[in-house]
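Listed below, chain by chain, are the residues.
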Amino acid sequence: MNLTWTPQERRFREEVRAFAEAGVPPELRAKVLAHQRLERDDYVRWHNILADRGWGAPSWPKEYGGTGWNALQRLIFEVECFKAGAPRLLPFGLSMIGPVLMKYGSPAQRERFLPRIIRVEDWWCQGYSEPGSGSDLASLKTRAERDGDHYVVNGQKTWTTLAQYADWMFCLVRTDTEARPQRGISMLLLDMRSPGVTVRPIRTLDGGHDVNEVWLENVRVPVENLVGEENQGWTYAKYLLGHERTGIAGLGHCHRELGVLKRMAAQAQSGGRPLLSDPRMRDRISRIEVDIMALEMLLLRVAANNGGTPGPEASVLKIRGSEIQQDLAMLQMEVAGPDAWPYDPEWMFAEADDHGPGPEMAAAAGAGYADMRKTTIYGGTTEVQKGIIARLMLGL
Amino acid sequence: MDFIYTEEQRMLADSLRRLVDQEWAFARRRARQAATALDPQAWASLAELGVLGLNIGQDYGGFGEVPASLLPVHVELGRGLVSEPVIPSAVMSAALVDAAGGPARERWLPRIASGEAILSVAYQEPGRRYDARPQDCRAAPQGGGWRLDGAKHLVWHGGAATAWLVSARAEDGETLLLAVPSDTAGVRITDTPTLDRARCARLDFDGAALPADALLARGEAAGQALAQALQWGTAALCAHAAGAMERLLEITADYLRTRKQFGQPLASFQALQHKLAEMLVAKELAMSMAYVAVAALTEPDPVQRRRMLASAKLEAARAGRQVAQMAVQLHGGMGMTDELEVGDFFKRLTVADLLLGDSAEQLATLAEEEARA
Numbered sequence: 169m170n171l172t173w174t175p176q177e178r179r180f181r182e183e184v185r186a187f188a189e190a191g192v193p194p195e196l197r198a199k200v201l202a203h204q205r206l207e208r209d210d211y212v213r214w215h216n217i218l219a220d221r222g223w224g225a226p227s228w229p230k231e232y233g234g235t236g237w238n239a240l241q242r243l244i245f246e247v248e249c250f251k252a253g254a255p256r257l258l259p260f261g262l263s264m265i266g267p268v269l270m271k272y273g274s275p276a277q278r279e280r281f282l283p284r285i286i287r288v289e290d291w292w293c294q295g296y297s298e299p300g301s302g303s304d305l306a307s308l309k310t311r312a313e314r315d316g317d318h319y320v321v322n323g324q325k326t327w328t329t330l331a332q333y334a335d336w337m338f339c340l341v342r343t344d345t346e347a348r349p350q351r352g353i354s355m356l357l358l359d360m361r362s363p364g365v366t367v368r369p370i371r372t373l374d375g376g377h378d379v380n381e382v383w384l385e386n387v388r389v390p391v392e393n394l395v396g397e398e399n400q401g402w403t404y405a406k407y408l409l410g411h412e413r414t415g416i417a418g419l420g421h422c423h424r425e426l427g428v429l430k431r432m433a434a435q436a437q438s439g440g441r442p443l444l445s446d447p448r449m450r451d452r453i454s455r456i457e458v459d460i461m462a463l464e465m466l467l468l469r470v471a472a473n474n475g476g477t478p479g480p481e482a483s484v485l486k487i488r489g490s491e492i493q494q495d496l497a498m499l500q501m502e503v504a505g506p507d508a509w510p511y512d513p514e515w516m517f518a519e520a521d522d523h524g525p526g527p528e529m530a531a532a533a534g535a536g537y538a539d540m541r542k543t544t545i546y547g548g549t550t551e552v553q554k555g556i557i558a559r560l561m562l563g564l
Numbered sequence: 235m236d237f238i239y240t241e242e243q244r245m246l247a248d249s250l251r252r253l254v255d256q257e258w259a260f261a262r263r264r265a266r267q268a269a270t271a272l273d274p275q276a277w278a279s280l281a282e283l284g285v286l287g288l289n290i291g292q293d294y295g296g297f298g299e300v301p302a303s304l305l306p307v308h309v310e311l312g313r314g315l316v317s318e319p320v321i322p323s324a325v326m327s328a329a330l331v332d333a334a335g336g337p338a339r340e341r342w343l344p345r346i347a348s349g350e351a352i353l354s355v356a357y358q359e360p361g362r363r364y365d366a367r368p369q370d371c372r373a374a375p376q377g378g379g380w381r382l383d384g385a386k387h388l389v390w391h392g393g394a395a396t397a398w399l400v401s402a403r404a405e406d407g408e409t410l411l412l413a414v415p416s417d418t419a420g421v422r423i424t425d426t427p428t429l430d431r432a433r434c435a436r437l438d439f440d441g442a443a444l445p446a447d448a449l450l451a452r453g454e455a456a457g458q459a460l461a462q463a464l465q466w467g468t469a470a471l472c473a474h475a476a477g478a479m480e481r482l483l484e485i486t487a488d489y490l491r492t493r494k495q496f497g498q499p500l501a502s503f504q505a506l507q508h509k510l511a512e513m514l515v516a517k518e519l520a521m522s523m524a525y526v527a528v529a530a531l532t533e534p535d536p537v538q539r540r541r542m543l544a545s546a547k548l549e550a551a552r553a554g555r556q557v558a559q560m561a562v563q564l565h566g567g568m569g570m571t572d573e574l575e576v577g578d579f580f581k582r583l584t585v586a587d588l589l590l591g592d593s594a595e596q597l598a599t600l601a602e603e604e605a606r607a
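Protein chains in written order, with my numbering: chain A, 169 to 564; chain B, 235 to 607.
Hints listed in this document are in silico derivations from the structure and should not be mistaken for laboratory results.
From the three backbone atoms N, C-alpha and C, an ideal C-beta is built for every residue, glycine too.
Accuracy of the hints is not assured; some may be wrong.
Said to hold, decoys possible - So these bits of chain B aren't anywhere near chain A, every CB distance computed over 10 Å:
| # | residue |
| --- | --- |
| 1 | E241 |
| 2 | S249 |
| 3 | A271 |
| 4 | A276 |
| 5 | Q292 |
| 6 | G361 |
| 7 | G377 |
| 8 | V421 |
| 9 | P427 |
| 10 | G457 |
| 11 | E518 |
| 12 | V526 |
| 13 | D535 |
| 14 | T584 |
Unchecked claim - Just so you have them, the derived chain B footprint on chain A, three or more residues with Cβ under 8 Å:
| # | region |
| --- | --- |
| 15 | 296-305 |
| 16 | 364-377 |
| 17 | 541-549 |
Using the sequences plus the hints, can you model the full thing?
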């Protein structure tokens, strides 16, 4: 056992920090730290800055243009980039379909799709949930029927994050209605520009537009865009979900938002003093710093033990990480206090003439608190994660 | 003690339930909230049922109901997330004017009761959180009347108000309460939407000239009248929040009964049943503390009164947060959308903590009283 960072790891952290601090464009950092809305170009820009440095695919092996970093390096990288105010990396290509194609995709698929993920030449989205199939994903009903060299897809997907920008969707479809629900599912790569694809925005509690409904009407998908084998899609889907859940611990997010919280508390005045010096507030901040420290050590242990391949421990991380993210948002709202009340979604754009009447960050704090409720719902609800822990870790 | 509604209270609650179920049903409520101006018909319907003149004396055109009547009325309004300025005008401003006394009662109370006047108490200043003592908003004598300078913010429905009851500091440091009609020259109104689909305004006074009779109270009397307004507002808000929790629990239980996953209704999963049960526990505690809040309004001991109201507000916030969070969680992704009313309840219950003194403020009040005891 060696519970300290090695000199190499420390050097790596310094290197990443220096790069991130210099590399995140100031206007992008300002947007991120002010919780303003990010648009397509903001994400693409950051991915390209990373790609120019050779770090465009931090979690990928070198043979696919990745960095070949180990799990600890990836974690250091995530935290330092978040702290520097970088946008999050889009997970759809890098963490979701990318690893699936590496493991289960055909050589042609790997060659065609993987390189285009790194600079977001293709923007991917996730076609999993359906209106009737959320936690019970295996009950999904979107049908794909074989017609010569094509599948013809009909159905509806929902909660499709940032589908409004997407070029491609990896999509779970039912190819066998007779088999057990898990057996008749396949994974298709679907061109979002195909005829029959309709994307409709879903407004969320903060008035923002991150998620969408996607209608698929007689969408023709060439057979070569089937991932792996027909009716084996559930295996690939689960493999992908495991990858989704480690990132979902949101350690980088937690570190960044802790910084935002402290800055807000230092600026807010209460009884003529900064709120940060109020003992009640100090206690709350200390408590959440402990929470983040525990999460970080847990994440490091999981990463070191599994060599980065997440098992059911991912559920532990997801449960706790999502709760801490919510607590941070709640504390930020409490710091804003009365000023968190006025809110107009229009104030959340960097280009807006008006960012609201209150202090910086105040309007975003109430809406952010509402928005962060999503973290215990997406990527498998806390209830689903607890079920996984009960079954797979406790053997119940 | 007797927790049973009187015959009048029951009838009023029943009529309000019917009105709110119809006129504040999801789609109609949303449509009304989307408009920046107040819907005169909705406002008139509240006046007709006696909501606006509930606790105003019969001499002034009100119904002269006991303070406890706030509970049945505001529980019903909370169930329908009624966002119209009932609390700022009919509860807080009426209480302030009544406490201030003098000819202002004759001038304002009948018009509050009829709904003709919409008042709001402008007591908060930028950068001073919940401090009710005026600081940078100043009033000075001018030409036999008053001149008002400075800013107030977070004025509840300040844009829809026909007049504001403004706290200001005199040159000698005394607190003054002034009635300022919204058409007064020298006032800039910045009307903004709020997280919970209500509205609030920032008021910037730049040499606004007021007649001598704009003064409602000064010094200690002004402080007491303002405290009265905040206490009545707090009691009404606690009842509103409890009503909102009650309705949100019904909505969530209905959703779990109809939504199916894994081949059965979500309501059949024990883990989710327990969540609903916890929501019910929280709601019952909040409802109980709403009774404490309205009881406080007739509590003669001022220390005890403050403690009761701070405790009730604290519990309304805690329970409201818990019920709201669980309701969203149990609705899953649907709970995150703007397309169901669960989100509207979530936001109102969140905002209930931020209005009239948040939890930190109530805890500070309780600690102060504790130290004094």
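Hint by hint, here is what the structure shows:
no.	hint	result
1	E241	holds (38 Å)
2	S249	holds (31 Å)
3	A271	holds (17 Å)
4	A276	holds (22 Å)
5	Q292	holds (35 Å)
6	G361	violated (6 Å)
7	G377	holds (32 Å)
8	V421	holds (15 Å)
9	P427	violated (5 Å)
10	G457	holds (18 Å)
11	E518	holds (23 Å)
12	V526	holds (23 Å)
13	D535	holds (26 Å)
14	T584	violated (7 Å)
15	296-305	holds (count 6)
16	364-377	holds (count 5)
17	541-549	holds (count 6)
Hint check: violations occur at hints 6, 9, 14; the rest are consistent with the structure.
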